[in-house]
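Asks: Heads up: the sequence lines are chains A and B, in that order.
Here our numbering is used: position 61 in the first sequence is 61, and no number is missing along the way.
Here our numbering is used: position 108 in the second sequence is 108, and no number is missing along the way.
These are computed hints drawn from the structure, not numbers from a lab.
Check before you lean on any hint, since a few could be wrong.
Claimed, not checked - Derived lysine-lysine pairs resembling BS3-like cross-links, with alpha carbons at most 30 Å apart:
hint, chain 1, residue 1, chain 2, residue 2
1, B, Lys-157, B, Lys-92
2, A, Lys-118, B, Lys-167
3, A, Lys-140, A, Lys-119
4, A, Lys-119, B, Lys-154
5, A, Lys-119, B, Lys-157
6, A, Lys-206, B, Lys-159
7, B, Lys-63, A, Lys-119
8, B, Lys-69, A, Lys-140
9, A, Lys-198, B, Lys-109
10, B, Lys-109, B, Lys-167
11, A, Lys-140, B, Lys-157
12, A, Lys-198, B, Lys-69
13, A, Lys-206, B, Lys-69
14, B, Lys-63, A, Lys-140
15, A, Lys-198, B, Lys-157
16, A, Lys-118, B, Lys-92
17, A, Lys-26, B, Lys-167
18, B, Lys-84, A, Lys-119
19, A, Lys-119, A, Lys-198
20, A, Lys-140, B, Lys-154
21, B, Lys-84, A, Lys-118
22, A, Lys-206, B, Lys-91
23, B, Lys-92, A, Lys-140
As a plain string of letters, each chain reads:
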Amino acid sequence: MQIRMGAVILASLVGILVGVVPFAQKTVSLWDQYNSLQRDVSLLQNKAAILQLLDENELRSDALTLASAVPPDKSLDTVMTTLDTVSGAASVTLLDVSLAKPGSIATASAVKQSAAEKKIGSNILPVSVRVVGSFDGIKKFVSLVTSVRRMFQIQTLGVGFIGDLASAQITLNAFYFPYPTTVGRTLTAITELTEEEKNIVAQMTKLPLASVIPESTMSATVSVGKADPFSL
Amino acid sequence: MAHSEGINLIVTTVERNPELENITMILQRVSYGGLILLIASGAIVGGLFGFLTIQRDALTNTKNDLSTKIAQQSTKEGLLLAVKERAAVIKKVTGSQRQISPLFDQIGKLAAPGPLQTITFDENSTVIVATSLLSIQDASTLVNSLMTLVDTGKAQKPKLVSLSLNKQGMIQLTVSFIPVL
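Hey, can you work out the whole structure from these sequences and the hints?
Replies: Next comes the structure, spelled out in structure tokens:
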């Protein structure tokens with residue numbers, strides 16, 4: 001009887017060690033998979049809900065608005081047009097526009113960014129401009145050129161006076177930033193547009209395009225680069 | 001003949017061994033316990049495994065459905081990404097933007113356009129103003145105006161760069177300062 005009972009004990013032990021324990025390990029692994037899937041599904045549900053609420057046309061309009069401020073490529077035509085129109089609105093004469101690094105007209109995405117570009121997070125196109133006009137005209141040019149939608153940043157300014165006439169040499173930075181070529185992985189989380197981002201869009205919408213600056217006598221066409229980068 | 005009682009040499013009674021009985025009882029309990037443990041643990045683990053398998057399969061289907069839906073909205077996702085990235089760039093640009101036009105108002109307080117010869121404004125926001133003035137009095141007025149700008153917090157680090165008299169008797173005065181814009 002003791003032997004029978006010993007055999008039962010041994011069989012129970014073997015059954016637990018050989019059967020239940022490995023099965024339990026598989027169950028633990030399955031539990032980890034389940035938890036991981038739950039997290040993924042939660043993320044995807046959130047992402048799907050956000051995408052569902054977004055209006056594609058509104059997003060496209062916002063993207064185009066921001067692209068007219070910081071185009072996806074060098075957009076030399078908008079640089080020239082804007083400077084031309086601003087000088088007309090400021091009643092100064094635009095004598096010279098030169099580019100520090102014209103390079104390829106297309107965006108050189110393989111070119112390394114400088115430290116200044118990395119700081120801004122965008123490519124920089126240095127532009128040098130020479131205008132001639134009155135003291136007030138130069139002042140107005142300097143004010144307008146940083147108040148239009150095509151973004152410029154004044155780096156240096158040099159003004160020389162001969163009598164009532166002023167001649168200004170201004171170096172500006174224009175900006176360009178390529179569109180993303182791929183979206184993230186499906187499991188990459190997204191967030192809605194924040195209030196700050198919406199405010200930036202609203203702010204850019206209020207800034208005039210070069211072609212609609214008051215008192216402009218120049219006709220201008222503004223290209224915003226790819227109008228529909230994601231259309232087939 | 002008298003009935004004779006034989007001597008039964010076969011032991012018919014077993015001596016009880018308490019120790020052995022204890023061991024047997026323990027073994028019995030352990031074997032029952034082991035069996036119960038095996039059956040119970042197997043049932044629990046098996047049940048849990050089955051439940052989790054069903055849930056995992058359901059979640060996998062849900063995940064696949066959601067992934068398909070999201071893939072169908074990749075254009076929207078791309079546009080959202082474009083807007084967010086560009087807004088971040090614009091934020092940095094506008095954050096580092098320098099409004100230069102107030103500088104002209106400050107310079108206008110120093111000197112009228114007539115005496116002004118050159119104005120330079122460099123990347124470090126240092127302004128250098130060169131003037132050609134008729135008299136020392138005008139030079140003194142300009143310097144006082146600059147100090148007023150400093151006192152009112154509209155300029156910093158004023159410097160007299162140069163002061164000279166040219167052949168025509170004009171005072172060549174150059175000052176520098178950092179405007180507070």
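Asks: All hints, please: hold or fail.
Replies: Against the structure, the hints come out as follows:
Proximity of B/Lys-157 to B/Lys-92 is assessed by CA-CA distance (about 27 Å); at most 30 Å being required, the pair is judged to hold. With a C-alpha separation of about 51 Å, the suggested pairing of A/Lys-118 with B/Lys-167 is violated against the 30 Å cut-off. Pair hint A/Lys-140 plus A/Lys-119 holds up; C-alpha atoms about 29 Å apart against a cutoff of 30 Å. At most 30 Å may separate the alpha-carbon atoms for a hinted pair to count; A/Lys-119 and B/Lys-154 meet this at roughly 28 Å.
With a CA separation close to 27 Å, the supplied pair A/Lys-119 and B/Lys-157 stays within the 30 Å bound. With a CA separation close to 40 Å, the supplied pair A/Lys-206 and B/Lys-159 exceeds the 30 Å bound. Pair hint B/Lys-63 plus A/Lys-119 does not hold up; C-alpha atoms about 39 Å apart against a cutoff of 30 Å. Straight-line distance between C-alpha atoms of B/Lys-69 and A/Lys-140 comes to about 52 Å, which puts the hinted pair past the 30 Å bound.
Proposed proximity of A/Lys-198 and B/Lys-109 is contradicted: the alpha carbons are some 40 Å apart, above 30 Å. Between B/Lys-109 and B/Lys-167 the alpha-carbon distance is near 27 Å, which keeps this suggested pair within the 30 Å criterion. Our distance criterion of 30 Å between C-alpha atoms is met by A/Lys-140 and B/Lys-157, whose separation comes to about 27 Å. Taking the CA atoms of A/Lys-198 and B/Lys-69, the gap is near 26 Å; set against the 30 Å cutoff, the hint holds.
Distance check on the hinted pair: A/Lys-206 and B/Lys-69 sit about 35 Å apart at the alpha-carbon level, beyond 30 Å; violated. Taken as a hint, the B/Lys-63 and A/Lys-140 pair is broken in the structure, with Cα atoms around 58 Å apart against an allowance of 30 Å. A C-alpha spacing of about 39 Å is found between A/Lys-198 and B/Lys-157, which places the hinted pair above 30 Å, so the restraint is violated. As the CA atoms of A/Lys-118 and B/Lys-92 are separated by approximately 11 Å, the hinted pair is consistent with the 30 Å bound.
This hinted pair does not check out: A/Lys-26 and B/Lys-167 have alpha carbons roughly 99 Å apart, beyond 30 Å. The hinted pair formed by B/Lys-84 and A/Lys-119 meets the criterion: a straight-line CA distance of about 17 Å does not exceed 30 Å. About 22 Å separates the Cα atoms of A/Lys-119 and A/Lys-198, which keeps this hinted pair within 30 Å; it holds. In summary, the hint linking A/Lys-140 to B/Lys-154 is supported, as the alpha carbons are separated by about 20 Å, within the 30 Å threshold.
Distance restraint check for B/Lys-84 and A/Lys-118: the Cα-Cα separation of roughly 17 Å lies within the 30 Å cut-off, and the hinted pair is therefore satisfied. Our distance criterion of 30 Å between C-alpha atoms is met by A/Lys-206 and B/Lys-91, whose separation comes to about 15 Å. Proximity of B/Lys-92 to A/Lys-140 is assessed by CA-CA distance (about 24 Å); at most 30 Å being required, the pair is judged to hold.
Violated hints for the displayed structure, listed by number in ascending order: 2, 6, 7, 8, 9, 13, 14, 15, 17.
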